[in-house]
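K.L.:
Assemble chain V onto chain W, guided by the hints.
What follows is the residue order along each chain.
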Amino acid sequence: MAFLEYAPAPESASILNLKAQYGLFIDGEFVDGGGEVFDTISPATEQVIARIAQADAHDVDRAVAAARRAYETVWSRMSGSDRGKYLFRIARLVQERARELAVAESLDNGKPIRETRDVDVPLVAAWFFYYAGWADKLEYAGVGPNPRALGVAAQVIPWNFPLLMLAWKIAPALAAGNTVVIKPAETTSLTAMLFAEILQQADLPKGVVNIVTGPGATGQALVTHDDVNKVAFTGSTNVGRMIARQVAGTQKRLTLELGGKAANIVFDDAAMDQAVEGIVNGIFFNQGHVCCAGSRLLVQENVHDEVVERLKQRLSTLRLGDPLDKNTDIGAINSAAQLERIRTLSDTGEGEGAERWTADCRIPDKGFWFAPTIFTKVSAAHTIAREEIFGPVLSVLTFRTPAEAIAKANNTPYGLSAGIWTEKGSRMLALVDQLKAGVVWANTFNRFDPASPFGGYKESGYGREGGRHGLAAYLEASGWDAPAGLGSASAPAALVTAPAATKPAAKPAKKSTRKGTAK
Amino acid sequence: MTRLSVPKTYKLAIGGAFPRSESGRTYEVLAADGSFLANAAKASRKDARDAVVAARAAVAKWAGATAYNRGQVIYRIAELLEGRRAQFIDEISRTEGVSAAEASAQVDLAIDVWVWYAGWADKYAQVAGNANPVAGPYFNLSVPEPTGVVAAVAPQGVTGGSLLGIVSVVAPIILTGNTVVVIADERAPLSAISLAEVLATSDVPGGVVNTLTGSPAEIMPWLAAHADVNALDLAGAGGLDGGSGASWVDLQLAAAETLKRVLPPVAGVPRPALERISAFVETKTVWHTKSML
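As given, the protein sequences belong to chains W and V, one line each in that order. All letters in the first sequence, in the order written, are residues 0 to 518 by numbering that gives the first Met the number 0. All letters in the second sequence, in the order written, are residues 0 to 292 by numbering that gives the first Met the number 0.
Rather than coming from a laboratory, the hints here were simulated on the basis of the structure. It is possible that part of the hints are untrue.
Here are the simulated lysine-lysine pairs, DSS-like style, with alpha carbons at most 27 Å apart [said to hold, decoys possible]:
#, chain 1, residue 1, chain 2, residue 2
1, W, Lys-136, W, Lys-18
2, V, Lys-60, W, Lys-407
3, W, Lys-311, W, Lys-205
4, W, Lys-376, W, Lys-325
5, W, Lys-423, V, Lys-60
6, W, Lys-423, V, Lys-289
7, V, Lys-45, V, Lys-60
8, W, Lys-407, W, Lys-423
9, W, Lys-365, W, Lys-311
10, W, Lys-311, W, Lys-325
11, W, Lys-205, W, Lys-84
12, V, Lys-122, W, Lys-136
Next up, chain V with everything else stripped away, as it sits in the complex:
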């Protein structure tokens, strides 16, 4: 007699908790063959705003942690992902309709991307910052600092990207101390929510990564116009519908109101790159007089 399985309820991840959408809405996640997989939470404006509050509250602790500590926490994500490969391979192959081998390769890449970025945590400031030889008796140093709260759209509908896409967006944002509200791949959100469960058990403080499922075209305009969001990563926003006022250009226009930093869309999954780290830091330059003995 076969055992009756126990399916998981996929929820949002906000501030270290896993709530349903406050709106009570869900939408069907379908397998590549059109069969029913799960009801994902359909995040609302209120959920997005709650996520920003959680992200903002988490900035001080996460940005205040040592870079060595952040590096270890991010490395631990890779460790835990490795231990839960089977679950991710299953979710990826079901939602994307790819073979187990292809799904496995994607999980490998996702793990390696975490490891690559983890190593940057305590080196980035040395590469991006420097002492400045000013013409006067001053100690002068420029260092990168996190910009704050980033709202991001994970790559949408990219075969081979339902897990790798969100990892490639989130890792460079958080490694310098930013926190993020990320909207998962709308049609294949299952591995993103499972990733949130990995994050919750990887010593990533609650609120550092807030994962929303639902329609980026519906949620993103609220985030782009939110005055407590410092930057947008529009990686997966390239295909959003302009008719709904949520094209990436509309989002950039909304971002201009509070002069948010904006990283434009990319085709596919963003490749691991230093530029993705640099897009979400501020350079702080400190002068101190050396002439007061």
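So that you can see chain W by itself, here it is in the shape it has in the complex:
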């Protein structure tokens, strides 16, 4: 066996006890959907794992009705401490079934078992545990006295962290007292189905969480449904725009977690070993299917060659292959469509004059794969420096001064995250102030925690998930009263059509001309 070659060490899939077909989870039961049943496949082998029901508009209607009923008859009447106990139960059940969930997630999504086992699933449990404790402490959430739940939350999540995104959405919604209808991404419904089983084990009252599976059309039926009070979406900026339009003029509250094109800024005084690890983690974690990925490396010019050389060496040691193998660093690309997008954008990068380097690794015969790739000689105008690739592709740009680094980092309509690598604390903090990004990692990257708010500036969306701020997104502020003596004039009613007097728009006021798929 040659250096860095490893014997296969696959995690056994025998821990799974999957059904051949999964229904929709509505009102506490698995039921058939009105749409055509579809396959969910392993992107590493292209083999069918299970068949998934597809919810049509009628099913979405049923799910929303179940959520409304559960909200009115059970969940909104339950004490906060009891709601919290259900969430604690769910956290514990996730921990008990952690390995099973990790294997299912790797199988269905294509991400390495090392990540699902050590990152995704532990964070899922942590998210429920964190928000469980909030359920009976809502008056401390910072939105005023007597905060109220919004009602029924419609949630649409992406395929890059299927179960973790589900936890980010469901945990704060339930803690705040809302009920939920959630739609997983079309290619990654499997762990949501296992999660539905967990909800049954937890004896969560029926209808509090409903799961409708299907394509984008199912999600559209959900977010445009008249009887939802809150819409939360994580996915592409184009779909986010469309949803913002569909929600316009209604009383639905909206949070959007959208795309990113994060700058990872490396100064010449950075601790190089840590910086190189951080760059690799920043863009090659989860095959780069991360909205906050550090996809633009901004490296100080005088250390450019050294950093790129070290990166190439490090990438050459990454192992690409079977997601279930415990030694695998880079798993499969989630779908054929996403692989095609990564290929197209990479070809564009080459066509526009950037220099391409790809790690030399064996690509399996079956499945969807893309070897870690670095582009150097990238300019700020290049497509690969502007568009979100959502794959294991790093664009390297250079800068000379901190001011140039700031200008380049902020030169994007996105504003989700950024990274800074420097040993100089005063410079780090000065940069933090200037970067237009919702999350800034200094001398680290891609860290997530339920206590830490996450979300973007500008076209990366609005609202925050995680922490006290994430809870507030599911609460209606009764607000603090205006100070005594600072009351204000009222309007002649005829002059004002305030939202309180406006009926929610039953249909989107304008049809979107943009296309895009949730991711």
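P.N.:
Just chain V now, kept in the frame of chain W:
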């Protein structure tokens, strides 16, 4: 013999200057009894775009000022307003047709609203931000930051609100470091322009508050679709005419194109509230490793 008075020419306030509309247009401002008061500038699309440029240019300095400094500057607005009460009482009573006592009460409220918000400037971050106890060796802090340039519609046609309305909209926007392009009450814009003169002498940097007079239904669609505007405050947009494509829902649709933050309309004058500050901030969360000795 009575003295012949010297009436004021009411102009726009853009970037610390007081230009006429580039379009050369004006419209008549009438008193409650229908008599002529003044020709106000009727701002155009170009004026709105110029105002956004001025507002954007002012962000770095205003957002970069210390919160203590912003608090003092905003408090100074209250001080200067107090000293010019007579002028505001006169303008309010003439445009709204209310008694001097009612106009005086409105000026009192406007001053007190400035004072209330001024005090928030160096406390808001402590209320809205916090340290986050993450599970790992990381320093982790969330702080609110201004979102950038906000376009706002002051309450329109609210009796008791021609000054108080614009103050209640502008104060919470600018106290965290945002800059604003605000469209004054179309029918009673005089006190809004006089307020701009107070701002210009209150150490508020030029461009932080840009005041346009004219038709919100005409100007606001341009601002709602402007890619360099970060957020909309539609406080006074509730009554805008949907037929012209400028209803508040149309404005929200236009805002969706660049995912602007949108605060929906309110009836009357918005009450002073923390939520109005929170609507125009971003939460920035910073992680720093604590494990590299």
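K.L.:
Against this structure, judge whether each hint is valid.
P.N.:
Hints, one by one, checked against the model:
| no. | hint | result |
| --- | --- | --- |
| 1 | Lys-136(W) x Lys-18(W) | 39 Å, violated |
| 2 | Lys-60(V) x Lys-407(W) | 20 Å, holds |
| 3 | Lys-311(W) x Lys-205(W) | 52 Å, violated |
| 4 | Lys-376(W) x Lys-325(W) | 35 Å, violated |
| 5 | Lys-423(W) x Lys-60(V) | 24 Å, holds |
| 6 | Lys-423(W) x Lys-289(V) | 14 Å, holds |
| 7 | Lys-45(V) x Lys-60(V) | 24 Å, holds |
| 8 | Lys-407(W) x Lys-423(W) | 20 Å, holds |
| 9 | Lys-365(W) x Lys-311(W) | 26 Å, holds |
| 10 | Lys-311(W) x Lys-325(W) | 23 Å, holds |
| 11 | Lys-205(W) x Lys-84(W) | 16 Å, holds |
| 12 | Lys-122(V) x Lys-136(W) | 23 Å, holds |
The structure is inconsistent with the numbered hints 1, 3 and 4, although it conforms to all the rest.
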